[in-house]
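Visitor: From first to last, the protein sequence lines stand for chains A and E.
The working numbering applies: residue 1 is where the first sequence begins, and numbers increase by one.
The working numbering applies: residue 1001 is where the second sequence begins, and numbers increase by one.
One thing to keep in mind: the hints can contain errors.
Rough simulated footprint, nothing fancy, chain E against chain A, three-plus residues with beta-carbon under 8 Å [unchecked claim]:
(1) 172-182
(2) 213-220
(3) 253-260
(4) 291-302
(5) 344-352
Which chain E residues face chain A? A few, computed with CB under 10 Å, are given here [said to hold, decoys possible]:
(6) LEU1008
(7) GLY1036
(8) GLN1040
(9) ASN1041
(10) PHE1163
(11) LYS1164
(12) PHE1168
(13) LEU1325
For the record, the hints were derived by calculation from the structure and aren't laboratory data.
In this text, all values refer to a predicted model and were calculated from it rather than measured experimentally.
Virtual Cβ for every residue (Gly too), placed ideally from N, Cα, C.
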Amino acid sequence: MPFPILSVIVFTPIVAALIILLLPPARKTEVRVTALAAATFALLLSIWVYFSYDVAAGGYQFIEKYTWLPALGISYHAGVDGMNAPLVLLTGVVMFTGVLISWGIDDRPRDFFAFLFILATGVFGVFVSLDLFMLFFFYEIAVFPMYLLISIWGWKETREYAAMKLTLYLFVGSVVSLVGALAMYFTSGLGTFDMIQLEQAGFSTAFQRLWFPFVFMGFAVLGGIFPFHNWSPDGHVAAPTAVSMFHAGVLMKLGAFAALRVGIMLLPEGARFWMPWIILLTLVNVVYGAYIASVQNDFKYVIGFSSVSHMGLVLMGFATLSKNGLLGAGVQMFSHGVMTALFFAVVGMVYDQAHTREIPRLGGFRRVMPVVAIAFIIGGLVSMGMPGFSGFIAEFPIFMGVWETHPWIAIVAAISIVITASYIIRIVGKVFFGNLPEEFQGHVTDVNILDKIALVVLSVILIGLGVYPAIMVPMVESGVEAILRLLGGA
Amino acid sequence: MSLGTIDLFMIQVILPEILLLVLALIILFFDLILKGEQRQNIGWITAGGLAFIIGAALIFSRPAAEPVLVWGGMLRQDWFGFTLMILLLFAAMITALLSVNLPVVGDRGEYYLLMLASTLGMSLMVSAGDIIMLYLAIETTSIPLYILAGFLTRDEKSTESGFKYLLFGAMTSAVMLYGFSLLYGFAGATSLYEIAARVQEGGLPSVALFTTLLLLLVGFGFKISAVPFHFWAPDVYEGAPTPIAGFLSTASKAAGFAVLARVLFAVFPDLTAQWSTFISILATLTMTLGNLLALAQRNIKRLLAYSSIAHAGYILIGLVAVNQLGMTSVIFYLIAYMLTNLAAFGVVLAYGRIVGSDEIAAYAGLSRRSPTLAFLLLIALLSLAGMPPFAGFVVKFSVFAAAVQAGMIWLAVVGVLNSIIGLYYYLTVLKVVYLFRSEDEEKPLPVPGSAWLALGVLSVGIIIIGVLFAPVFGISTLAAITIY
């Protein structure tokens, strides 16, 4: 038997969580070191998986399959293809940088890292699952720790409200999808939850058209689709920095990815029928999200709504059901994940020093924390889709795909790029340039070395992907090919 | 049908019941001779004895693949009854463990004696094959429970609890007995399986049969605390000693479900279309009302009472599905629910006895005061909410799957919507536990070793079932197919 690398990645965080829970609460340093060790280990393994994925061969690789509940055809079936290998890497990156940035958490760090790592196991689990039951199993594991992470360590003003809102939205979405999944299971008559087999189930057109909106929208709630995006800015703002990074960076991709894997790939007929409508929703996401972001005064809300806008692009890419659209969406999931993790890290660092996030009150932070300012500018350029940065590699194909299928939507969506540029430039100018207000002088200091490492890691990835897209594009292309085959050649 | 000679096999079948009686006598004996501090050992003896009985039952009383009627048809030996009996014995063992050291009840021999008597009744209930046996078993179960609920005689709430339980119990039991008498009148037999044969021959008026079934449902509905026979549950749970509340909400409920399933499937399979619609409405009401009322609770025991009503509703979904997956998921659900709810009551007990309050607000600061206890409560409540990797997820999944398989997608939807409400109030409790501060955070929170042991066993069980569910699902399937 080959080394079960995906299982090791999936279970490393939860094993680390158990070890951390066994440590005495007062041993805070040991807790942090254990967390960092586990995160580093998971990151290295996910890098290994990413780079040893054989793009030429394509398809699912590193497959592991064990029977779990044979009576119902449930198995533990893990594997990665060109679509999810980048997402596994993304999770590893965000987990690693999230731990670095959370080093300073002093209130019950033991519980914090334990919950964060349970969440990470859920995320890894969803990304590698090839079994529908397994996908739900890990999906729910990823949802509930969020509640505690936000409500305990979050921003005091809104944390209780935001945490409950987020949890209920996501739970409602997932159980709606769950009923659809059960309907698929029994209708297929195959007696298996294996998604590779269910892809060949040949559901009737009527069945697909009936269930597609439930399954797709149920997951897309976590992807932040309009009009169910409302939990996301509130949740992001209320969450502690590392959790916002995880949430916007990884968890929203979880929703988009599951909507793709279960909704589009298992019910392709339904997807073709509904996508012209869904693309309109995503258009609202893209433009309206960007507009709302541009009128916010709270630094973190700007980033929160920018996530809604950018995730709208991912879903819009899916909705084109075309090669370019899907390719761009696949890269955008990775690119936006890293970018938004960077953004939230920066917001957290500024807030920790300034104790305010009101943009008009901030200014001149370039002088005290230059690394942070540079990192934010890099993230901003990615966000605007500048060539040379990963955002361009991702958004350009999406717009091409939309142009091919729905030219008018592409034109309207392009407005968002302008709006994005406007709010990014405004923040850069207002927060990082200008003069440091008097109230901050003296007691605002630079961030520590761990924070800098995290920012450098994230920035390097964004630039690396931008200047050398071949590192990811062919891989995602191979994943897109498989989806297009299910969609009937297109 | 004559009794004939008593052979070894017949003894083997009722070995657990015999041993329970012996254990009860041993407890009486120790109650007389143990003095002072030593009296705390009575609980340990009860728990140890029950563990021994479980072991003995697993070795000597295992049923054959085919069900057999024994003791002149009074009992039916099958995997269904056996599985549930082991479950009940386990619940009794955990309850005894949780009661060790408990003020007022922990060192009283008669407390354990009554608990064992009730367990004896339940273990007969789950395998009764005759309506007379069934009625006797139900009464043997109930009467000691009435006393136990009112055991804290100096506590007004406990007295009220015992009395309320008695009144409701006596009332519903009378209605049920009337149903039994009608059943006998129609069929001319007392054995459930002979009655079933008469019913299947036809000729009996189905309206009359259905009316009889409704009368029986009053009694069973009371046991499982299904709406509209649920009114007693919150008051009784609140007033009763906490271990007994846990016992009532798990063992007593499981025994009630066993009887309900057996009677529905064995005697009334021809009326499936009628009762399945009727019970699906009952399930909807039970889930929805239980969950909605739980939202308003300020006392954790009352909250758990309403949540246990709601869970009865989820389990009913499995019954309504009337397919093998449905019946399997009923047993599967009962197993997981028993572990989970006992764990929840266990934490409530361990914490409540120190702080002297069962108000949810009193749980503020628990996570700082005892992170371990807080985490155990988290496991129990999230499992109740149906979150993986805990047992509650996979059992809810299988119940909803059964409903979808039976084509009752609407019922599965009602179920999932209800679990959202459930998640909300369980999270609200966890919020208090993890988020809010209290002045007592620095005070120690001593938890007796017996309670740690019980909680440890339960939470490990919850996680194991939640992750490696195949063996337990297999046992549930085995039990489910022998019910017919």
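Visitor: Would you mind marking each hint as holding or not holding in the structure?
Guide: So, going through the hints one by one against the coordinates:
With 6 residues having a Cβ less than 8 Å from any Cβ of chain E, the stretch 172-182 of chain A passes the three-residue criterion, so the hint holds. Coverage of a stretch by a chain is defined here by at least three residues with a beta carbon nearer than 8 Å to that chain's beta carbons; for the stretch 213-220 of chain A and chain E the count is 0, and the condition is violated. By the rule of at least three residues with a Cβ nearer than 8 Å to a Cβ of chain E, the coverage given for the stretch 253-260 of chain A is violated, with 0 such residues. Counting residues of the stretch 291-302 of chain A whose CB lies closer than 8 Å to any CB of chain E gives 0, so the stated coverage by that chain is violated, three being the minimum.
Check on the stretch 344-352 of chain A: 0 of its residues sit with their Cβ under 8 Å from a Cβ of chain E, so the three-residue criterion for coverage is violated. A cut of 10 Å between beta carbons decides the hint on LEU1008 (chain E): the least distance to chain A is about 35 Å, and the hint is violated. At a threshold of 10 Å, the smallest CB-CB gap from GLY1036 (chain E) to chain A is about 36 Å, leaving the interface hint violated. The interface hint given for GLN1040 (chain E) is broken, as the beta carbon of that residue sits about 29 Å from the closest beta carbon of chain A, more than 10 Å.
Nearest Cβ of chain A to the Cβ of ASN1041 (chain E): about 31 Å, over the 10 Å cut. The hint is violated. For PHE1163 (chain E), the interface hint is violated, since its Cβ never comes within 10 Å of a Cβ in chain A; the closest pair sits about 39 Å apart. The beta carbon of LYS1164 (chain E) is not positioned within 10 Å of any beta carbon in chain A (closest approach about 34 Å), and the interface hint is therefore violated. At its closest, the beta carbon of PHE1168 (chain E) sits 34 Å from a beta carbon of chain A; the interface hint therefore is violated under the 10 Å criterion.
Residue-level restraint check for LEU1325 (chain E) holds (minimum Cβ-Cβ distance to chain A is 8 Å; threshold 10 Å).
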